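Peer 1: In case you want the letters, here they are:
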Amino acid sequence: MVQIRVEYFAILREHVGCTHEALSTPAATVGDLYAELDRRHAFPALGHLKVAVNDEFCEWSTPLRDGDSVVFIPPVAGG
Amino acid sequence: MVQIRVEYFAILREHVGCTHEALSTPAATVGDLYAELDRRHAFPALGHLKVAVNDEFCEWSTPLRDGDSVVFIPPVAGG
Amino acid sequence: MKRFDFSRGAVDLVACRAQLADPAAGAYASFEGWVRNHNEGRAGVLRLEYEGYEQLGVKEGERIIAEALARFDIGDARCIHRLGELDIGELAVWVGVSAAHRDAAFAACRYIIDEVKHRVPIWKKEHYADGNSGWVNCEACAAHAHA
Amino acid sequence: MKRFDFSRGAVDLVACRAQLADPAAGAYASFEGWVRNHNEGRAGVLRLEYEGYEQLGVKEGERIIAEALARFDIGDARCIHRLGELDIGELAVWVGVSAAHRDAAFAACRYIIDEVKHRVPIWKKEHYADGNSGWVNCEACAAHAHA
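Protein chains in written order, with the working numbering: chain A, 1 to 79; chain B, 1 to 79; chain C, 1 to 147; chain D, 1 to 147.
Since the hints were made in silico from the structure, they are not lab data. Keep in mind it's a predicted model, so treat the numbers as computed, not measured. Even glycine gets a Cβ: it sits at the ideal position worked out from N, Cα and C. Careful: at least some of the hints might be erroneous.
Listing some non-contacts, in silico: residues in chain D with all C-beta distances to chain C over 12 Å [as the list claims (entries may be wrong)]: (1) K2; (2) S7; (3) E49; (4) Q55; (5) K59; (6) E62; (7) L69; (8) A70; (9) R71; (10) G84; (11) R119; (12) Y128; (13) G131.
Once the Cα atoms are required to be at most 30 Å apart in a straight line, the calculated BS3-like pairs of lysine-lysine come out as [as the list claims (entries may be wrong)]: (14) K50/A <-> K117/C; (15) K117/D <-> K50/B; (16) K59/D <-> K50/B; (17) K2/D <-> K50/B; (18) K117/D <-> K59/D.
Where chain B lies over chain D, by a calculated footprint (3+ residues, C-beta under 8 Å) [said to hold, decoys possible]: (19) 107 to 118; (20) 132 to 138.
When you get a sec, could you build the whole thing from the sequences and use the hints?
Peer 2: Shown next, in the form of structure tokens:
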């Protein structure tokens with residue numbers, strides 16, 4: 001089990017109803033974490049989702065470590 | 001003979017030493033006028049010269065009429 | 001001085017442009033995104049809301065500016081993106097590039113705005129005259145807005 | 001309101017940009033030509049002098065703007081060119097274009113500056129640090145400047 005923090009932005013923030021949550025998880029990778037949280041929150045279908053750990057983009061296969069901060073990034077729409 | 005006016009800009013103005021001159025000419029076209037004035041002023045070689053009559057670009061074959069205002073246009077360099 | 005930044009208030013364009021002043025620069029190209037009253041065929045957009053993942057956004061923005069400086073023969077480049085609520089006509093994003101010549105200035109300016117729109121984590125929520133709202137680029141949201 | 005004009009004094013960029021404001025416009029592209037301290041490999045440019053054939057220049061400039069409005073899907077476009085003596089760093093020419101989308105805004109802005117540089121009767125005299133001067137684009141002048 002690792003202690004991590006998940007931050008939510010935009011549609012995910014509105015869907016989950018909070019800006020962040022702290023949790024203990026058995027998930028080995030950020031992909032596993034997404035699957036776990038999707039079961040709990042039933043995330044909306046968002047097309048091509050990216051993910052960041054500790055404020056850098058990363059792969060879905062990135063291993064989770066104690067103290068990591070994770071952000072799931074829906075399709076962006078700046079400009 | 002027609003009474004016309006010639007205006008000079010930039011390098012031609014500096015070469016001729018005046019901003020304009022009024023003259024009577026037997027020249028039938030603006031091209032003939034250029035040849036006549038070139039004999040008098042010995043214009044510098046300026047590459048592709050354009051010409052305007054009465055503030056519109058025109059052909060070198062354009063006939064001269066009484067009261068016309070003529071401008072010879074050296075290569076431009078705006079911006 | 002950050003070359004990419006977010007701003008929660010109005011952008012001072014005079015100051016932004018002045019940062020790019022350079023006696024060797026003969027060309028300055030700039031782009032501004034303005035909040036428009038329509039999007040993707042839908043009229044009646046009343047206002048926008050931009051939300052950004054700022055810690056990652058400023059890093060990705062700086063990477064984009066660094067890429068532009070490496071790829072194009074330019075002197076300097078900057079970009080600022082607004083966050084928060086914006087009304088129609090307000091500036092949402094500004095890009096400025098100075099260079100010796102205009103080819104590079106235009107190319108780099110275009111590169112920066114294209115990459116910022118695709119890569120910087122910013123989300124746009126549109127509020128419509130009919131009372132609906134929706135997160136742009138997000139089908140589920142679009143469906144929700146029309147529900 | 002003229003869409004192309006000459007100016008003998010400093011250009012008010014805030015006012016220029018404001019003329020293009022449009023609630024349907026999501027994109028604004030602008031270009032500025034600045035007086036730089038070098039040209040065509042020659043350093044030591046101290047200042048410039050622009051001379052224009054104004055009566056024909058404003059007509060040709062308006063034609064260029066009208067062409068841009070016909071060719072590209074833009075809302076509006078303007079251009080102002082300075083005349084007289086300019087120091088290094090000063091604005092020599094400004095082009096602004098507003099449009100619904102950025103493709104058209106960039107393309108029209110580029111079209112206008114390219115056509116203005118090629119077609120509007122404006123001449124540029126450079127003054128160099130060594131005391132020489134010369135009309136740009138004019139071989140005879142260049143020879144004279146180096147004499």
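Peer 1: Enumerate the violated hints, using their earlier numbering and listing them in ascending order.
Peer 2: none
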